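For this one, chain A is given, so just place chain X on it according to the hints.
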Amino acid sequence: MIAYLSRRLLGLVPLLLGITLISFMVIHVAPGSPMDLLTDMNPDASPELRDRLAEHWGLDEPLPVQYAMWLKRVVVGDFGNSLSRDPRPVIDKVAEALPVTLVLNLMSLCLVMAAAIPIGVYSATHPYSRSDRAATVFVFLGFAMPTFWLALLCMMLFGVELAWLPVSGLQSLDYNSLGPWGKVLDRARHLLLPVSIAAITSLAGMSRYMRSSMLEVFRQDYVTTARAKGLSERVVVYRHALRNAMLPVITLLGLSVPGLIGGSVIFETIFAIPGMGRLFYSSVMGRDYTVVMGVLVIGAVLTLLGNLLADVSYAIADPRLRRR
Amino acid sequence: MSILSRIASNRLTLAGGVMVALLFAVAVLAPVISPYDPGAVNTQAILEAPSLAHPLGTDGIGRDVLSRMIYGARVSLMVGFVAVGIASLIGVLLGSTAGYFGGMIDAVIMRFVDVMLCFPSFFLILAVIAFLDASIWNIMVVIGLTSWMGVCRLVRAEFMALRSREFMLAAEGLGLPSLRIMLRHGLPNAMAPVFVAFILGVAGAILTESALSFLGIGVQPPDPSWGNILTEGKNTIEVAWWLSVCPGVAILLTVLAYNLLGEGLRDVLDPRLKEG
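If you're matching them up, the sequences are chains A and X in order.
In case it helps, this note's numbering puts the first sequence at residues 1 to 324.
In case it helps, this note's numbering puts the second sequence at residues 1 to 276.
These are calculated hints, taken from the structure and not from any lab test.
Quantities reported herein were computed from a predicted structural model and do not represent experimental measurements.
Only pairs whose alpha carbons sit at most 20 Å apart, straight line, appear in this in silico SDA-like list of lysine to any residue: (1) X:LYS234 / A:GLU161; (2) X:LYS234 / A:LEU150; (3) X:LYS234 / A:PRO166; (4) X:LYS234 / X:LEU47; (5) X:LYS234 / A:LEU162; (6) X:LYS234 / A:PHE158; (7) X:LYS234 / A:THR147; (8) X:LYS234 / A:CYS154.
Okay, chain A solo, but in the shape it has when bound (with noise of 0.2 Å):
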């Protein structure tokens, strides 16, 4: 286990880099250089100031060196400031917006996994059943869904026409005067309609998943050894076969952290929810360059983690892995 962990954790370098290389490309490529960002807007941005600021910030120095400053750094969390009004350290806003999306997202997966497990458990063992064809009809609705759309449709019929649930934001105005009962109240009738959206397109590929994963599984020998033992439906279901459908599903939920944190910009920004997304997004359409670069790092490098955390679990689950 040891030998496969250090193997894993030595391939991140080079990803690392290749991360870091390509953010800082992203920006420093595209036309229009920083500084023209930082002065532009500034009448009183002197040729003098100019170049005092390009010297402060090595924008003199040629591309690979600009690199290696910035690299090194970032290597110790410093990300420089914010350029926008909110002056403080990109590491302090990031750090700020993190935990929100973070727990928003662990909700929805949890939301995910309640209902793909039965849905694909159910579909798998009535395969081509009415119910059957009721959920692939969902999945690929799921598949199609504009989300912004939904989100608007929701907070529409549930916020305005219903009442039921508040629009935006995490807390009321009163939340501080609540109770403790109340507050959770409170949290959670925000929480609900973000989460559930959330959760909608990964549970149509998730319960999809689920049902192929189930039918490959009964198609193998220990199954059909423990049907010959005269093991009861229920047993051979969920104790043989649903744990061994499960494995690749872990991969999955790897792979899908990229999408969950990219499609936090969307429901972030229609739901007001202060997280990673909506930093992003302000943070792009006020041009506030080192906010970017930060969150863009730092949005890759969780992906790389959220992967590593998968593969290392299904390697736990499974030992035969380990070997390879």
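Relative to the frame of chain A, chain X by itself:
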């Protein structure tokens, strides 16, 4: 059975194919079938509900929504095909090179793919768009540049399997140049999954474009796109439901059509991948 008759025998695939064909027809014939000029402002008919004169109503400055939807079909069709065309080209080039040569070349290309896959693609697209101007051309290029990795992996796998086949060895034995072997002998045998990935990719690109336009960084008004019609719909949803319902339904059905067609083609072209 020929491929066409097998497609026709699956009702869902056929439905997807017919819908895609219809969308093509609408996009091509847009100037002929639009009842109005999609940019024509009519201050006498602001936010009018659907009627005989305006089957899908009018928007905030009196433009005919049906005409704008029809021209919007052009945008999504063009974005879908051009973006996925770019992605497929990059994917095929890199994937066939990696799969055919193997070794170091393969390792470097595949690490590049791994790195690209780490970026939430929506972040990467937003970052680039932020520093370029938001225009339909930039969007197509950027979506293409950030979505080629799947095709690359597919083509690489096909080429690795093809490498040891007799006809490829024969071509090598004849001393043909590598490029010719790859393009003339390898590629035609690796195209089936690319074709399926292309159709499914168009669906993804259309969703991405509409999301970008909805956020205001895609196709810019006054040019109509389903995404930016929806943005206006969002602001007037309480008085003009048709402005948010029409584009949403159009996106949903279009993406559904491409997905149905793509999945059906996959079953027909590559029975190994068929589920269940």
